[in-house]
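Enquirer: Residue numbers (my numbering), protein chains in the order written: chain A, 1 to 67; chain B, 1 to 346; chain C, 1 to 368.
Derived by calculation from the structure, the hints in this document are not laboratory data.
Treat each hint with caution, since some may be false.
[Claimed, not checked] If you want the ones that stay clear, here's a sample from chain B, every Cβ over 12 Å from chain C, calculated:
hint: 1; residue: 68
hint: 2; residue: 258
hint: 3; residue: 303
[Unchecked claim] Straight-line C-alpha distance at most 16 Å; calculated EDC-like pairs for lysine to aspartate or glutamate:
hint: 4; chain 1: C; residue 1: 2; chain 2: A; residue 2: 27
hint: 5; chain 1: B; residue 1: 70; chain 2: B; residue 2: 204
hint: 6; chain 1: C; residue 1: 261; chain 2: A; residue 2: 27
hint: 7; chain 1: C; residue 1: 2; chain 2: A; residue 2: 43
Here the structure is a predicted model, which is why all the values come from computation and not from measurement.
The C-beta atom is built at its ideal place from N, Cα and C for all residues, glycine as well.
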Amino acid sequence: MRMGTVRFGGVTRQACLDFVPEAQCGDYVIVHVGFAISRVSPEEAERTYELLRQIQEADESAPEERP
Amino acid sequence: MNAFVCPAPIAVQDTVLLGHGSGGKLSAALLQQIFLPAFHNPLLNRLEDQAVLDVESGRLAFTTDSFVVKPLFFPGGDIGSLAVYGTVNDLAMGGAQPLALSAAFILEEGFSMADLRRVVDSMARAAGNVGVPIVTGDTKVVERGCGDGVFINTTGLGMVAAGVDLSAANARPGDAVILSGSLGDHGITILTQRQGLELEGSVESDSAPLHTLVAVILAAAGDVRVMRDPTRGGLASTLNEIAAQSHAGIAIRETALPIHDGVRGACEVLGLDPLYVANEGKLVAIVPAASAEAVFAAMRRHPLGAEAAIIGEVVARHPGLVTMHTPFGTTRIVDMLPGDQLPRIC
Amino acid sequence: MKYLDEYRDADITHALAARIRARVTRPCVLMEICGGQTHTLMRYGLPDLLPPEIELVHGPGCPVCVAPLEFVDRAIEIASRPGVIFVSYGDMLRVPGSRQDLFRVRAAGGDVRIAYSPLEAVKLAQEYPTRQVVFFGIGFETTAPANAMAVWHAKRLGLTNFSMLVSHVLVPPAVRLILGSPTNRVQGFIAPGHVCTIMGHREYEALSAEFHVPIVIGGFEPVDLLEAIAMLVDQLEDGRAQLENQYSRSVTREGNVPAQKLMEEVFEITDRKWRGIGMIPASGHRFREEYAAYDAERLFGAQEIHVEEPAECISALVLQGLKKPVDCTAFGTRCTPEQPLGAPMVSSEGACAAYYAYRRHTGPEASA
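Working from the sequences, and respecting the hints, build out all of it.
Expert: Here it is in structure tokens:
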């Protein structure tokens with residue numbers, strides 16, 4: 001089994017990387033019960049986040065009551 | 001002619017034997033070679049069955065605690081220092097300066113003598129840091145398999161100064177809730193040692209004696225209502241106890257809670273909520289609103305209060321319940337733990 | 001922490017809530033299925049940010065909650081046997097069986113241990129060759145590949161003292177059941193992000209098309225859930241019914257192919273009973289013949305156990321989103337995390353536990 005060291009904030013732990021053969025050092029992965037189940041796509045994350053930033057900017061220019 | 005007497009002294013063994021708890025020569029050797037050199041003080045050195053203390057009249061605070069932590073040694077402390085500071089802190093939360101401690105050991109047959117020496121020396125250093133003598137004690141040994149290395153009980157006596165009246169039942173609506181520093185360091189340190197997590201950076205147990213911090217708090221304000229140290233069950237349990245005993249509500253703000261990154265990361269991985277993780281060198285002080293700034297400033301000036309934060313207030317609504325204002329502007333309950341905190345599986 | 005903190009951003013969350021408020025014109029009922037998503041919603045009070053037109057109901061997304069009572073009893077029976085080391089995720093220890101739970105088995109002398117990964121159980125089997133190590137494998141498609149890998153690994157190591165008591169349930173059949181029910185009120189689904197990380201989109205595209213209902217695959221953080229809800233509201237207001245993927249940073253159309261392959265290698269699909277719901281066809285896993293030696297159900301003798309559920313427990317209705325935990329007559333009084341009547345009150349993924357822990361002040365009982 002291909003194991004890797006995964007860092008979560010200030011702690012590290014071993015996780016099995018067999019389900020993410022494309023993952024390399026420096027990549028971000030989603031880990032579940034000791035197994036990496038996906039490699040986070042920086043491109044997809046950036047694309048989604050860009051959309052979210054636009055939504056936030058639109059909201060800021062028309063401020064509303066907050067709870 | 002003189003009877004033959006074996007001239008060789010009884011050497012300290014490598015491991016603890018049943019005989020070390022039986023009150024005979026092995027027990028005496030343990031006392032002379034491990035406990036007395038470490039804890040030495042005039043009262044203990046008398047080796048009576050009891051220590052007699054001359055105390056001024058007043059209110060005597062009296063507390064006991066047993067320590068069964070596993071692993072025995074961890075970043076930031078060990079079972080020995082924990083046993084001293086834990087009991088000193090229980091006294092301090094009542095406003096009592098520590099007078100004297102007792103230390104009772106239950107050792108498992110086969111326990112490493114080197115480890116015992118390490119624990120005892122750590123206790124001696126801790127007691128020295130506090131300036132409190134360990135004046136009496138006891139040692140028992142149980143068969144292999146009937147203990148877990150070492151269990152320690154410490155009992156403490158302290159004097160409460162006149163006019164100091166701290167109680168979990170004292171909190172009143174309008175009071176400020178002040179936390180002395182970061183949450184979860186001790187519990188996460190222990191858990192990560194057991195769960196095969198490696199700690200990077202500076203996460204370590206916050207085990208420390210709080211009596212001098214308590215002293216500056218009491219000097220800063222004469223009307224402190226409550227002080228508690230959030231140990232087992234974490235801040236959430238402590239605040240719930242206070243809310244219940246005071247018949248008041250407590251409202252805190254999530255963004256005000258100091259939590260170190262390493263603790264955050266470990267909590268994410270283990271599925272834990274830092275509010276429920278044990279602390280061993282932190283306290284919660286509840287003070288009338290008018291005294292909050294003075295107490296807060298005094299805490300911040302003290303090394304153990306450098307990260308102190310005003311985290312919320314006591315409220316009249318929802319008596320007995322603790323609520324938390326989330327970063328999203330919503331409110332949720334901070335409940336009591338039903339039992340052990342169990343991690344999520346999905 | 002990167003890819004986590006950004007999705008907890010309060011400003012973005014509020015902006016999404018504002019967008020939802022601006023868009024919605026009529027009442028709608030949305031369901032999220034994954035217990036982890038329920039937990040996030042409750043913990044941060046996110047329903048309070050939504051306009052009153054939106055009703056959020058919680059689906060059967062808690063594999064602990066839907067494990068049949070007989071199954072829990074069987075686990076307790078196996079764990080009580082001498083020589084067995086029973087390994088489980090922490091969540092399962094407090095789930096009540098007919099008479100007791102795994103915590104009490106441990107207190108009575110059973111060797112019950114908590115693990116965070118099935119690989120820890122395999123390691124225990126290597127460490128204790130004379131003991132029977134049994135792992136309690138509960139979960140959805142997210143956890144099934146990990147369990148498959150543990151068994152596959154045990155087989156490669158030639159272990160003869162390792163087995164698994166498996167209760168895997170599959171999400172799409174449950175969604176089909178809910179959508180196909182005559183009493184269904186759900187108009188849009190948030191699909192579970194980690195299940196879909198493994199399985200991909202395809203099953204949910206088919207469901208969306210078959211029942212003409214919007215489905216959005218969502219992540220687990222507040223921003224993820226609000227964005228998924230915003231996407232569902234957009235679809236409903238536009239009159240669309242499609243599969244969309246909010247959690248694209250982790251979910252692809254094909255899903256995780258190595259994980260799927262391993263699951264298919266070790267397990268085959270079978271009918272499964274869901275606690276509180278009943279039998280759902282082709283909704284679970286059992287071991288393939290080649291791996292029968294690792295099937296604890298076979299190894300330890302599957303005798304028939306007939307059990308009665310506590311009459312007052314309405315977990316069946318809660319799990320299908322037909323009732324809320326606060327609607328239950330026993331909620332917070334006769335049924336609490338300390339004395340649970342049903343599994344949804346015990347598991348941290350369970351709707352009842354989440355409501356009790358975070359939100360009971362909003363229900364009919366306003367004090368503790």
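Enquirer: Run every hint past the structure and note whether it holds.
Expert: Okay, the hints, checked on the actual structure:
{"no.": "1", "hint": "68", "verdict": "16 Å, holds"}
{"no.": "2", "hint": "258", "verdict": "17 Å, holds"}
{"no.": "3", "hint": "303", "verdict": "29 Å, holds"}
{"no.": "4", "hint": "2/C x 27/A", "verdict": "11 Å, holds"}
{"no.": "5", "hint": "70/B x 204/B", "verdict": "15 Å, holds"}
{"no.": "6", "hint": "261/C x 27/A", "verdict": "23 Å, violated"}
{"no.": "7", "hint": "2/C x 43/A", "verdict": "14 Å, holds"}
In this structure, only the earlier hint numbered 6 is contradicted, and the remaining ones agree with it.
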